Amino acid sequence: MSVEVKNLTKIYGAQHAVNDISFTVGQGQILGFLGPNGAGKSTTMKIATCYLPPTSGTVLVSGHDVVEDPIAVRRNVGYLPEHNPLYLDMYVHEYLQFVASVYGLKGKVARARVQEMVELCGLTLEQGKKIGALSKGYRQRVGLAQALVHDPQVLILDEPTTGLDPNQIVEIRSLIKRVGQNKTVIFSTHIMQEVTAICDRVVIINRGKLVADSDVASLQAGGRDEKVTLVEFEQPVEEEALQGIPGVLRVSIAQGHTYRITSRRDADVRSNVFRIAAERNWPLVGLRQEENSLEKIFQELTK
Amino acid sequence: MLAILKKEFNGFLNSLIAYIVITVFLVAIGMFMWVFPESSVLEYGFADMQTLFNMAPWLFLFLIPAITMRTFAEEKREGTIELLLTKPITDLQLILGKYFAALLLALFALLPTLLYYYSVYELGNPSGNVDSAAVVGSYIGLVFLAGVFCAIGVFASSISDNQIISFVVAVFLCYIIYTGFDLIASIPVWGSYSYFISQLGISYHYNAVSKGLIDSRDVLYFLSVIAIMTLATKLVLRSRKW
Chain A
1 MSVEVKNLTK IYGAQHAVND ISFTVGQGQI LGFLGPNGAG KSTTMKIATC
51 YLPPTSGTVL VSGHDVVEDP IAVRRNVGYL PEHNPLYLDM YVHEYLQFVA
101 SVYGLKGKVA RARVQEMVEL CGLTLEQGKK IGALSKGYRQ RVGLAQALVH
151 DPQVLILDEP TTGLDPNQIV EIRSLIKRVG QNKTVIFSTH IMQEVTAICD
201 RVVIINRGKL VADSDVASLQ AGGRDEKVTL VEFEQPVEEE ALQGIPGVLR
251 VSIAQGHTYR ITSRRDADVR SNVFRIAAER NWPLVGLRQE ENSLEKIFQE
301 LTK
Chain B
304 MLAILKKEFN GFLNSLIAYI VITVFLVAIG MFMWVFPESS VLEYGFADMQ
354 TLFNMAPWLF LFLIPAITMR TFAEEKREGT IELLLTKPIT DLQLILGKYF
404 AALLLALFAL LPTLLYYYSV YELGNPSGNV DSAAVVGSYI GLVFLAGVFC
454 AIGVFASSIS DNQIISFVVA VFLCYIIYTG FDLIASIPVW GSYSYFISQL
504 GISYHYNAVS KGLIDSRDVL YFLSVIAIMT LATKLVLRSR KW
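Chains as they are written, first to last, in our numbering: chain A, 1 to 303; chain B, 304 to 545.
Check the hints yourself; a few may be wrong.
[As the list claims (entries may be wrong)] Here are the simulated distance ranges between beta carbons:
1) Val522/B - Gly122/A: 37 to 47 Å
2) Ser135/A - Leu305/B: 26 to 36 Å
3) Glu381/B - Gly38/A: 21 to 31 Å
4) Ile517/B - Gly38/A: 35 to 45 Å
5) Val522/B - Lys108/A: 17 to 27 Å
[Claimed, not checked] Straight-line Cα separation of at most 27 Å, BS3-like style, residue types lysine-lysine; simulated pairs:
6) Lys130/A - Lys379/B
7) Lys129/A - Lys537/B
8) Lys130/A - Lys209/A
9) Lys379/B - Lys136/A
10) Lys296/A - Lys177/A
11) Lys537/B - Lys309/B
12) Lys379/B - Lys129/A
13) Lys514/B - Lys106/A
14) Lys108/A - Lys296/A
15) Lys209/A - Lys136/A
16) Lys130/A - Lys108/A
17) Lys106/A - Lys183/A
18) Lys6/A - Lys130/A
19) Lys136/A - Lys108/A
20) Lys537/B - Lys108/A
21) Lys129/A - Lys108/A
22) Lys108/A - Lys183/A
23) Lys379/B - Lys309/B
24) Lys177/A - Lys136/A
25) Lys309/B - Lys130/A
26) Lys106/A - Lys130/A
Hints are computed from structural coordinates only; laboratory data are not their basis. This one's a predicted model, so the numbers in the text were calculated from it and none came from an experiment. For every residue, glycine included, the Cβ atom is placed at its ideal position computed from N, Cα and C.
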């Protein structure tokens with residue numbers, strides 16, 4: 001296992017920032033680390049990168065313990081902290097060269113790695129600029145390049161897409177996906193679509209406690225065996241007729257002439273709805289299935 | 304450690320800090336040595352460099368805290384300290400990298416004053432009539448003094464994320480350790496302890512070394528103060544973990 005969090009607890013004063021969390025992430029997996037603000041995501045990540053020590057429990061990164069062997073852990077981890085701190089008065093190339101030298105890369109190897117990162121992260125045109133002169137999206141790329149320059153096995157990214165515009169978010173996501181193919185990636189976020197877009201697995205924590213740990217698909221299925229179909233007509237219709245469709249459990253009015261049909265998960269009511277509407281001459285104007293969205297699951301789990 | 308040293312030193316060169324510090328130092332020392340009649344070598348009539356070695360500690364007292372004030376304070380404010388502390392280097396390597404970068408800059412400021420030694424050497428009558436041993440001793444004393452001031456400055460920078468606070472604390476601590484102990488010792492309440500108290504200050508050891516006599520006790524004193532300050536800095540950096 002690449003990253004192994006074991007009974008991790010961190011106490012600030014009287015507050016349990018992280019309370020007995022355990023999970024593992026394997027090689028090549030991209031893990032979405034979710035939770036509301038103040039849930040303990042950043043604290044967990046700071047412990048995994050040896051910035052803070054755990055109160056009890058531990059984290060193993062590529063088999064190295066963060067308490068016993070912090071230098072070995074740091075060598076294997078690429079870390080992008082929250083808010084992406086950077087030296088604004090350094091040049092992009094100079095900065096990456098500096099980070100490479102801190103990781104002990106020298107001469108030709110260092111130059112080649114820096115050049116590779118510059119190309120990978122799309123910084124070719126910006127490499128001669130001062131970091132302070134870059135837009136937020138490019139700074140984020142510099143932060144990612146910095147985390148990747150020593151080719152770490154594990155990549156820990158703390159909210160890498162906050163504050164970016166939609167195009168930049170898509171670019172950063174695809175970048176993470178590209179570099180994450182043969183690495184272990186843990187990244188935290190608030191944005192649920194992001195999880196569906198790039199993650200294999202999700203861990204959700206709330207108030208320091210683990211509330212969910214599963215792959216994205218089964219979390220979306222969410223243990224429920226109901227699904228909701230929304231049907232919109234041009235005029236009011238008889239609910240009883242809709243109730244009679246096989247598999248339907250409940251019918252209610254969502255708003256105006258839109259009806260919410262709750263049915264069993266294995267039944268698809270759409271063709272039957274259409275047939276009834278045609279038989280009775282009800283003008284049907286909308287028909288869609290409501291996904292059991294991650295937002296909803298997230299809200300329920302972190303209530 | 305070398306990576307940090309290089310980055311810090313480049314930082315000094317890229318921001319105006321290095322040039323301003325060196326210029327201010329050389330202009331001030333030059334004025335005192337050659338222009339102001341109070342302290343000018345030309346007016347004094349003796350071929351010695353006491354002016355340089357009397358004034359340099361006072362200039363260092365302000366300039367070194369100015370060099371060191373940003374070392375940790377800025378990293379803390381910008382959050383970049385988190386980057387550095389999650390890289391595979393120990394706290395001590397980080398501190399020493401920053402410390403030696405600051406010391407190197409102070410020594411760079413000192414380097415051109417060797418030209419003054421040459422001038423004074425030539426001005427002597429007969430030429431070369433200078434107490435060279437005392438000059439060498441004084442330079443060594445000055446290097447140690449800069450070393451202590453840098454260690455204090457880096458420490459002061461680590462305790463705050465505000466550069467002004469770091470600067471003021473560093474100047475205050477440097478002043479106390481430079482002459483403060485002498486002043487305290489001069490209060491007539493200590494009796495026979497006053498000699499011991501004045502030994503805690505730099506000026507006692509600096510003056511001893513300036514005479515051209517390098518005593519291992521003085522060297523040990525300077526090195527211990529530097530070590531204590533470095534360890535104190537390490538303790539402060541570690542305190543994030545409490």
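Consistency of the hints with the structure:
1. In this structure, valine 522/B and glycine 122/A break the distance hint of 37 to 47 Å, their C-beta atoms being roughly 55 Å apart.
2. For the pair serine 135/A and leucine 305/B, the beta carbons lie near 33 Å from each other, so the given range of 26 to 36 Å is met.
3. A C-beta distance of roughly 23 Å is found between glutamate 381/B and glycine 38/A, which places it inside the suggested range of 21 to 31 Å.
4. For the hinted restraint 35 to 45 Å between isoleucine 517/B and glycine 38/A, the CB-CB distance of approximately 59 Å leaves it violated.
5. As the Cβ distance of valine 522/B to lysine 108/A is approximately 42 Å, the hint placing it in 17 to 27 Å is violated.
6. A threshold of 27 Å between alpha carbons decides the hint, and for lysine 130/A with lysine 379/B the separation of about 21 Å falls inside it, so the pair holds.
7. Annotation: proposed proximity of lysine 129/A to lysine 537/B is violated, straight-line Cα distance about 34 Å (limit 27 Å).
8. For a cut-off of 27 Å, the pair hint linking lysine 130/A to lysine 209/A is broken: about 41 Å separates their Cα positions.
9. Taking the CA atoms of lysine 379/B and lysine 136/A, the gap is near 21 Å; set against the 27 Å cutoff, the hint holds.
10. Between lysine 296/A and lysine 177/A the CA atoms are separated by roughly 25 Å; this keeps the pair inside 27 Å, and the hint holds.
11. Between lysine 537/B and lysine 309/B the CA atoms are separated by roughly 20 Å; this keeps the pair inside 27 Å, and the hint holds.
12. Between lysine 379/B and lysine 129/A the alpha-carbon distance is near 24 Å, which keeps this suggested pair within the 27 Å criterion.
13. Taking the CA atoms of lysine 514/B and lysine 106/A, the gap is about 45 Å. The hint is violated against a cut of 27 Å.
14. The suggested pairing of lysine 108/A with lysine 296/A is violated, with an alpha-carbon distance near 51 Å, which exceeds 27 Å.
15. A threshold of 27 Å between alpha carbons decides the hint, and for lysine 209/A with lysine 136/A the separation of about 32 Å lies outside it, so the pair is violated.
16. Restraint check for lysine 130/A and lysine 108/A: the C-alpha separation of about 23 Å stays at or below 27 Å, so the hint holds.
17. Taking the CA atoms of lysine 106/A and lysine 183/A, the gap is near 23 Å; set against the 27 Å cutoff, the hint holds.
18. Restraint check: the Cα-Cα separation between lysine 6/A and lysine 130/A comes to about 41 Å, which exceeds 27 Å; the hinted pair is violated.
19. A threshold of 27 Å between alpha carbons decides the hint, and for lysine 136/A with lysine 108/A the separation of about 30 Å lies outside it, so the pair is violated.
20. At most 27 Å may separate the alpha-carbon atoms for a hinted pair to count; lysine 537/B and lysine 108/A exceed this at roughly 34 Å.
21. For the suggested pair lysine 129/A and lysine 108/A, the alpha carbons sit about 22 Å apart, so the restraint of at most 27 Å is met.
22. For a cut-off of 27 Å, the pair hint linking lysine 108/A to lysine 183/A stands: about 24 Å separates their Cα positions.
23. Between the alpha carbons of lysine 379/B and lysine 309/B the distance comes to roughly 19 Å, so the proposed pair stays at or under 27 Å and holds.
24. For the hint pairing lysine 177/A with lysine 136/A, the CA-to-CA distance comes to about 20 Å; that is within 27 Å, so the pair holds.
25. Of the pairs offered as hints, the one joining lysine 309/B and lysine 130/A holds, with about 18 Å between alpha carbons and a cut-off of 27 Å not exceeded.
26. Distance restraint check for lysine 106/A and lysine 130/A: the Cα-Cα separation of roughly 23 Å lies within the 27 Å cut-off, and the hinted pair is therefore satisfied.
Hint check: violations occur at hints 1, 4, 5, 7, 8, 13, 14, 15, 18, 19 and 20; the rest are consistent with the structure.
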